[in-house]
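S.K.: Fit the two chains together into the complex; they arrive one by one in their own frames, and the hints show the way.
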Amino acid sequence: MSDPSYIKRPNRPLQVYAAIFLIVLYVPVLFLPLFSFNDSIYVKFPLQGFTFQWYFELMEREPVLAALRNSIQVGIATSVFSTGIGIFAAKAITRYHIPGKGPIVGFIMLPLVVPGIIFGVALLVLLSNLGIPLSLYTVTIGHVIVCLPFAIATMIPRFEGFDASVEEASADLGENAWWTFWRVTFPMVFPGILASLLLTFTVSFDEFIMAFFLTGTDPTLPMYIWSQLRFPQEFPSVLALASIILVVSFALVFLGQWINRDAHAAASKGE
Amino acid sequence: MSAPTTHASANAADLPRTGRFGRILQRSETMRGLSLLTPTLVIMTIGILVPFGILITMSFWTQVGFGFDTAITTANYEAAGERPIYGALLKRSLYMSGMATVATVLLSYPMAYFVAFHVHRNKMMWIVLMTLPFWTSYLLRVFSWKVVLGYEGVINSALINLGLIEAPLEFLLYSQSAVVITLAHAWAAFAILPMYVSLEKIDKSLLEAATDLGDGPVARFLRITLPLSLPGVISASLLIFIPTTGDYITPALLGGPDGQMIGNLIQKQFGAINNWPMGATLSIILMLSIGAIALGFMTITNFVRKRIS
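Line by line, the protein sequences are chains Z and B.
Under this note's numbering, the letters of the first sequence match residues 1 to 271, in that order.
Under this note's numbering, the letters of the second sequence match residues 272 to 580, in that order.
Hints were generated in silico from the structure; no laboratory data involved.
Hints may be right or wrong, so weigh each one.
Claimed, not checked - Derived Cβ-Cβ restraints for the label pairs, each shown as a range:
(1) B:Pro381 to Z:Glu60: 40 to 50 Å
(2) B:Lys577 to Z:Ile41: 57 to 67 Å
(3) B:His391 to Z:Lys101: 33 to 43 Å
(4) Z:Ser135 to B:Pro381: 44 to 54 Å
(5) B:Met302 to Z:Leu30: 48 to 58 Å
Where a beta carbon is used, it is the ideal one built from N, C-alpha and C, also for glycine.
So that you can see chain B by itself, here it is in the shape it has in the complex (with noise of 0.2 Å):
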C-alpha cells in the first residue's frame, strides 16, 4: 500500500506534464481512488438508490383507478397484514427458497470438495465446467426443466414407454416440488464457487497435524474441514436464498397454482392487477423480510462458529 505513495510524489515532482485538475487527484490517493469509482457510483446510485427511494415513497401512495393517490397512508401496509393470502404467499416464498437453498447447499457441497482436494490437473477446467451453465440464460434452463418434468415430458413420456407407468405422474409439473428442484438446479453453479474458495484456503497441513494426532477421515473432516469451511457454507446459502425468494420465472413456468411465489404477486400488481403501490409495498416487504432472515442468519452461525473454533 506504500507503493502508490511514491507513485504520486514522484508525479508531484512532474507537475508540468499534467494539468490543475490532475495535479489535485493526483495529491490524494483516496481522490484519485474515488475518481476512478465516480462512474460506477453514479450509475448504481441512479439505478438502485433513486429507484430504490422512490419505490419506499410509492409503497406509502395508493392506487386510484388509473392514477396514483400521493397522499402517504400505510394503507397498503395494513393491507398486506390483513389479507391472508399475502403472509402466506411471503411464508410460502421464503419455505420454498429454504429448501431450494438447503437442497443446494448440501448436494454442492461435495462437488466443492471434490474439486478442491481430488482434481490436481485441469482444476481450471473443472470450475469453468461446474460454473458454465450460471452464466446461460436462466430462462432457458428453467423452460428445460418443463420440458423434463411435463405431463407429456421427458420423465413421463420415457417411463410411459418403458411400461413402468400407465399414465403421467401428474405431481412432477405444476408443483412446489417442481419448483424446488428447478431453483436448486440453476442455482448450484453459484452455490459452488463461494464453498470451493473456503475449502481450497484451507491449510493442508492442518489435516496432515489432525491425522498425526490420531483423528480418522470422519473426525478429521468434521473438526477441521467443515468448520473452517463454513464461511463459504454461509454465503453460498444466503447467494442462493436472497435471489430465489424473490424469484417469479420459476414458479410461473413450474409452480401451478399450489407454486406461486410473493414474486408473481409482485409482478401482477406491476401487471394484470395493475396496483403498482401495492406493488412496491409487497416489495419492500419481501426485501425487509429477506434482510432479516439474512441477518438472523449470519448472527446464528456466527454465534455456532465461535463456540466451535
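So here's chain Z without its partners, still in its complex pose (with noise of 0.2 Å):
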C-alpha cells in the first residue's frame, strides 16, 4: 500500500463509467443527423431508407438561406466585437493591480450564470422604452454580452501563460504601447484570440434566448428553426438543418479549444 504509484492504478469500474457517460452525453445529439437521413416524415424507428431528400429541399428554401445569412452577419459582427474587447479587458485582468478586482471580474461574468430571460426582457425592456425597433443589431447586442465573459475567460489563460517581462523588454527597448502590443503581446497570445473568435462565433450562431426576445423581423437560424418546430410536416428538415449547425458548431468549437490547447494545459498545471 505504501507504493505512490496505488493512486494510478487502473479503477475498472470508473472507466466503464467514463465511457458509458460520454455515450450518454453525445447518443441523443447523434439522433438529430441519424433520422434526416431516413426517408419519412416521421421520426420514429424502424428507419424507412437512407435519402438526402431532405438536405435538397433546404438548399432550395430561401427562409432558411436568409436566416443562415443573417446568423452569419450576427456571429462576425459579435465574435470580432466581444474579441476585441475581450482582449484588453483579460489583458487588465491578468496584469494589473485593480482595486476591487474581484467583483468587477464577477460583474464581467455574470451572462455565464443569470439566466438568458432575464437579460433578454432586461435588453428588451431598455430598447422599447429608447423607442429602439427591433433588428439584428439588438440581437447582436444581446450576443455581445452573452459572448464577452466567453472571450475574456478563453484568453485570461493565454496572458497567464506568457512572461510579462517580455512587454517589459519590449518598453525598454523603446517601443511605446501601441507598439509593444503589435509587436509582442499580439503575436503571443495570438492562438487565444483565434479560439476566443471561432467559439464567440459559435456561441452567437447557436444562440436562441436573447435572440428570442431581441430579433425583429429578420429571423436567426435558431429563430428559423424554433418556429418550424410546430409543423410536424417540417419536423425532417428541421433535422437536416440542425445536424448540418451541430457538425459547423462541433467543428469549430473543437477547432478553436485545440488552438487553445496549451493554454488550459498551462492554466491547469499553474494552479
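M.R.: Below, the structure is given as C-alpha cells:
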C-alpha cells in the first residue's frame, strides 16, 4: 500500500462509467443526423431507408438561406467585437493591480450564470423605452453581452501563460505601448484570440434565448428552427438543418479548443 | 506584481515618445488597468446595469391596454403574492432545477474524478470531449431529447419494435421528469469543469499520507478527496441551479402543462399575455429567489466546510 503509484492504478468500474457517460452525453444529439437521412416524415424506428432529400429541400428554401446569412452576420460581428474588447479586459485582469478586481470580474462574468431570460427581457425593456426597433443589431448587442465573458475567460489563460517581462523588454527597448502590443503581445496571445473568435462565433450562431426576445423581422437560424418546430411535416428538414448546424458548431469549437490547448494545460498546471 | 511598476518607470524616462494622455495612463498602473477594462465595463453597464434598472422600475408600473401607467405602485408584487399560480410556478421551477442540479452533480462528479485522477495521457482531449456539447446549440440539444423521448420517438418506437411495450409510454414526454432529464443532460458539461479543476488541484501527497496512516480507499475519499473538492461541487451546483431555474426552452418543448416553469410565464407576459410590467415583476422575484437560495446554500456549505476541516 505504500507504493505511491496505487493512485494511478486503473479503476475498471470508473473507466466503464466514464465510457457510458460520454455515450449518454453524445448519443441523443446523434439521433438528429441519424433521422435526417431517414426516408420518412415520421421520426421513429424502424428506419425507412437512406435519403438526401431533406438536405436538398433545405437548399431551395429562401427563408433558410436568409436566416443563415443573418446568423453569419450577427456571429461575425459578435465574435469580432467581443474578442476585440475582451483582449483588453483579459490583459487588464491578468496584468494589472486593480482595486475591486474580484467584484469587477464577477460582474463581467454574470451572463454566464444569470438566466438568459432575465437579460433578454431587461434589454428588450430598455430598447423599447428608448424607441429602438428590434433588428439584427439588437440581437448582436445581446450576443456581445453573452459572449464577452466567454471571450475573456478564453484569453485570460493566454495572458497568464506568457511572461510579462517580454513586454517590459520591448518597452525598455523603446517601443511604445501600441507597438509593444502589436509586435509582442498580439503574436503571443494570438492562439487565444483565434480560439475566442471561433468560440464566440459558435455561441452567437447557436444562441437562442437573447435572439428570442431581441429579434425583429429577420430571424437568425435558431429562431427559424424554433418557428418550424410547430409544424410536424417540417420535422425532417429541421433535422437536416439541425445536423448541419451541429456538425459546423462541433468542428468550430473543437478547432478553437485545439488551437488554445496549451493555454488550458498551462493554466491547469499553474493552479 | 512589482514588474509592471518597473515597466512604468522605464517608460517615464522615455516621455517624448508618448503623448500627454499616454503619460497620465502610464503614471498609474491602476489607471492603465482600468482604461483597458473600460470598453468591457461600458458594454456591461449598458447591457446589464441600465436594462436591469429599467426592469426594476417597470416592475412598479402597470399595464393599461397597450401602454403603461408609469405611476409607481406595488400592485404587481401584490398580485404575484396573491395569485397562487405565480407562487406555484416559482416553487415548481426551484424544485425542478434543484432536482436537475442534484442529478447533474451526482452523475458528473465520478466523471470529473476519473479525468482528474485516472487519465494521464491526453487529458486535454478528455476535457474537450466532455465540454464540447456545452458549446453547441442549446435549442438543438433540447430538441434532440424531444426526438428521443417523443410519443413516437426513439425510445418508444424502439421498445414497440422490440415488442417490449404495446403502446407508447406517455410519461416520457411532456412531464417534469422529461424536463429534469434534459436539463441535467444539457448542463452536465458545465458542471464537470469546476469539479474537475478542484479535484485536479488536490495535492496527491495528501492521499499518500492518508494511505500511509492506514486509511482505506473509502475513508481516504471521504476524509481527503471529497472535502477538498467541495468548492468545485458548490460552484458546479450554483452554475447549474441559477441558470436552469429561469429556463423556458426546455419546459416549452418537453414540459407539457405539468412541466411549465416560471420562465415560460415570464416569456408569455412579454408575448401573448402582453403585460410587460408583470413580466418585469416576475423576473425580479425570480432573481431575488435565486439570489436568496444561492446565498443560503453558500452559507450552509461554508458552515459545513468549516466544521469538517
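S.K.: Indicate, hint by hint, whether the structure satisfies it.
M.R.: Evaluated hints:
no. : hint                             : in the structure
1   : B:Pro381 to Z:Glu60: 40 to 50 Å  : holds (48 Å)
2   : B:Lys577 to Z:Ile41: 57 to 67 Å  : holds (60 Å)
3   : B:His391 to Z:Lys101: 33 to 43 Å : holds (35 Å)
4   : Z:Ser135 to B:Pro381: 44 to 54 Å : holds (47 Å)
5   : B:Met302 to Z:Leu30: 48 to 58 Å  : holds (52 Å)
Of the numbered hints listed earlier, not one is contradicted by the structure.
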